[in-house]
Each structure stands twice: as structure tokens, then as C-alpha cells.
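Participant: The whole structure should be built from the sequences, with the hints applied where relevant.
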Amino acid sequence: MGSPHRTRYAVESDQPAPTPPVNLGPEVTLEKHFLPLTRRRLKHVITTGLWTTDHIETTLTVDQEKVGGNGARLSNCSGSRLICIRREPLLALGYGELRNVDAQLMFDTWEWTANLGAPAALVAGAVLATMVESREAMSPKKSDTQLMRVAKKLCRFLLLSSFGLEVVSIFVTTVTGTMLLSHGDTPGTLKNLAYNSPMGFLKNNWEFEYLTARIAFLQGLFHWLASVALELYIPKEAEGVAARRMNKFTSSALATILVGMLSFLNRHMTFYKNYAHMLRCYVVVSFKMFFWPPHPLTILMAPMTIITLVLGFQAFMTSGDMEKD
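Position in the sequence shown (first residue = 1) + 355 = the numbering used here.
If you are wondering where the hints come from, they were derived from the structure by calculation, not from laboratory data.
All values reported here derive from a predicted model rather than from experimental measurement.
Some hints here could point you the wrong way.
Simulated crosslink set (DMTMM-like; lysine to aspartate or glutamate; CA at most 25 Å straight-line) [said to hold, decoys possible]: (1) 508 <-> 491; (2) 591 <-> 466; (3) 603 <-> 466.
Just the calculated beta-carbon pair ranges, DEER-fashion [claimed, not checked]: (4) 534 <-> 498: 47 to 57 Å; (5) 608 <-> 488: 17 to 27 Å; (6) 638 <-> 559: 16 to 26 Å; (7) 651 <-> 607: 42 to 52 Å; (8) 470 <-> 640: 46 to 56 Å; (9) 516 <-> 554: 39 to 49 Å; (10) 651 <-> 512: 25 to 35 Å; (11) 594 <-> 551: 54 to 64 Å; (12) 642 <-> 502: 31 to 41 Å; (13) 473 <-> 642: 22 to 32 Å.
We treat Cβ as the ideally placed atom computed from N, Cα and C, and that holds for glycine.
Facilitator: Now the structure itself:
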């Protein structure tokens with residue numbers, strides 16, 4: 356194996372040298388290793404060439420000021436592990452095309468996709484549990500009124516669509532994260548690289564992926580809450596007065612929480628006026644992404660969509676005479 360790449364750093368520290376003894380003078384030659392990026396900062400694990408990773412125990416704090424071409428100013432050095440926070444162009448990490456984008460911006464964008472996939476998986480698991488618990492109670496019966504049958508079918512549809520949307524969110528965030536971390540090896544054209552946030556970078560270059568991940572997660576969450584509220588509101592067999600009133604109260608509380616969440620989302624919306632505006636933009640972006648110019652799989656999706664709509668219409672329009680008691 357070749358010798359590790361070494362960089363000279365200026366060390367500012369009043370702390371005693373760690374054990375085993377090593378000279379941490381004004382300038383030392385340090386060995387550089389990369390760590391995963393977090394919180395808009397590149398972290399380099401710095402160890403002396405005399406040590407192994409088994410001796411790295413203490414985390415140090417350093418400032419972000421860069422000193423000279425190959426150095427970084429370190430402060431509060433108090434142990435054998437030095438973390439150097441630097442801002443480096445992606446070219447230094449092999450991302451030849453994205454010379455003007457900081458590495459932390461790309462990695463923070465990936466981090467957002469990874470962090471969104473985790474709660475989406477949790478919601479999908481909760482939806483599956485709700486579907487199993489409500490399967491028998493939400494099955495339409497011949498004795499049900501037309502309105503009750505529609506409500507039960509709508510509850511089932513909301514649960515199924517919620518699960519599907521959360522799976523889509525997980526899938527899109529996974530694929531997008533992989534694309535972000537491998538973009539330097541798959542050259543493409545970026546509109547503009549001068550952004551101040553990971554979300555701005557993602558929205559202006561991959562708006563379809565950005566909107567799909569956000570909308571699929573949010574809409575799946577809303578569908579799940581709405582289905583639970585609707586299930587509680589639908590009368591059950593042998594339901595007492597006290598249980599009925601409690602179910603109506605819980606259903607109303609969930610509906611209120613859902614409206615409050617939408618209001619909170621609209622007040623904290625970025626890049627779009629409100630959630631409805633984001634949905635409208637998603638329709639436009641989706642049309643440009645899938646339908647123009649047309650793709651082979653898009654053409655295949657057309658008859659599949661028509662068949663799905665026909666089956667859905669038949670499911671909701673089934674009369675009570677065809678149901679079993």
C-alpha cells in the first residue's frame with residue numbers, strides 16, 4: 356500500500372500532548388481520512404502517522420477558518436482525535452463536473468433524502484397495522500346504507516393509497532440519494548450551482564424528485580390520519596352510547612389535528628405559496644417529466660391508468676344487493 360496523503364496544518368492549542376507522546380508543535384504533518392458529512396461541514400479525522408485508529412478516542416472541536424492553501428486553523432485540541440472542518444470543492448473529492456458546489460451542500464442534500472425515508476418507513480408500517488386491524492370492520496355488508504358503504508370503501512382506499520405513497524417516498528429518496536452521491540461519475544447539465552441551501556440546490560436541479568419525495572410523504576401521512584378518523588366515525592355493530600361518543604370525539608380530534616398540520620405546513624412553506632400551489636407545480640413538472648417528450652414506459656402507463664380508473668369506479672359503484680351479510 357502506498358503512503359497516506361499528508362497535509363500540513365497549523366495547530367493552536369494550550370492543551371498537553373496526548374499519550375502516547377507525540378510532538379504537537381506549531382506545525383505537524385497529519386494523516387487525513389474522510390468521515391460522512393453532517394450539518395453542512397466536511398469532517399476530516401486527523402491522526403498522526405505514528406498512531407493507529409485504535410488510539411483515536413477523544414473528539415476535538417475546531418473552528419471553520421481556513422489557513423493558506425493546504426492548512427486549516429484548529430482550536431481547543433484536547434485529545435488524540437482531531438476533526439478538521441473545511442469547505443472543499445467537489446472537484447477535490449472526484450466530482451469533476453461540480454467545481455463550484457461545496458461538498459457539504461451535495462452531501463447535505465443527500466442527508467435530507469435519507470432522513471425523509473426513515474419516517475416514511477415508519478408511517479408505512481403503521482398503515483399496514485391499521486389495515487390489518489380494520490380489515491373486517493371496514494368490509495361493506497349488505498345491510499349497510501349506501502353512504503356507509505362508500506365511507507368504508509373510502510377508508511380502505513385512503514389506507515391503501517397511504518401505504519403506496521409512503522413506499523414511493525422511500526423509493527424516490529433512495530434513488531435520488533444514490534444519484535446525488537454518484538453525480539460526478541454520471542455527467543449531466545445543472546442549471547445553476549449558486550445556492551445557499553441544500554433544498555434550493557435540489558429544487559432547482561431535480562424539482563420532480565424533490566416534489567415527489569415531499570408530496571408522497573405528506574400526502575401518505577394525511578391519508579392515513581384521514582382514514583383513521585373516518586374509521587372511528589363510522590358506526591360499528593353492538594357499539595354502546597359511551598363508545599360511540601368517544602369514537603366521534605376522537606375522530607373530530609384527528610380531523611382538527613389534520614387541518615392544523617396543513618395550516619402549519621402552509622405557514623412554513625418554502626419555494627411555494629402553499630401546499631395547493633406545490634401540488635399544482637407538481638402536476639406541471641410531472642407532465643414535463645413523463646409525458647413530454649414521451650417515453651416507452653409512459654406509453655405503457657396510459658392503458659394501465661385507464662384500467663385502474665375503471666376498476667376503481669366499479670368498486671365504488673357496487674350496489675348493496677351484491678354484498679354479503
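Participant: Enumerate the violated hints, using their earlier numbering and listing them in ascending order.
Facilitator: Result: hints 2, 3, 8 and 9 break, sorted rising.
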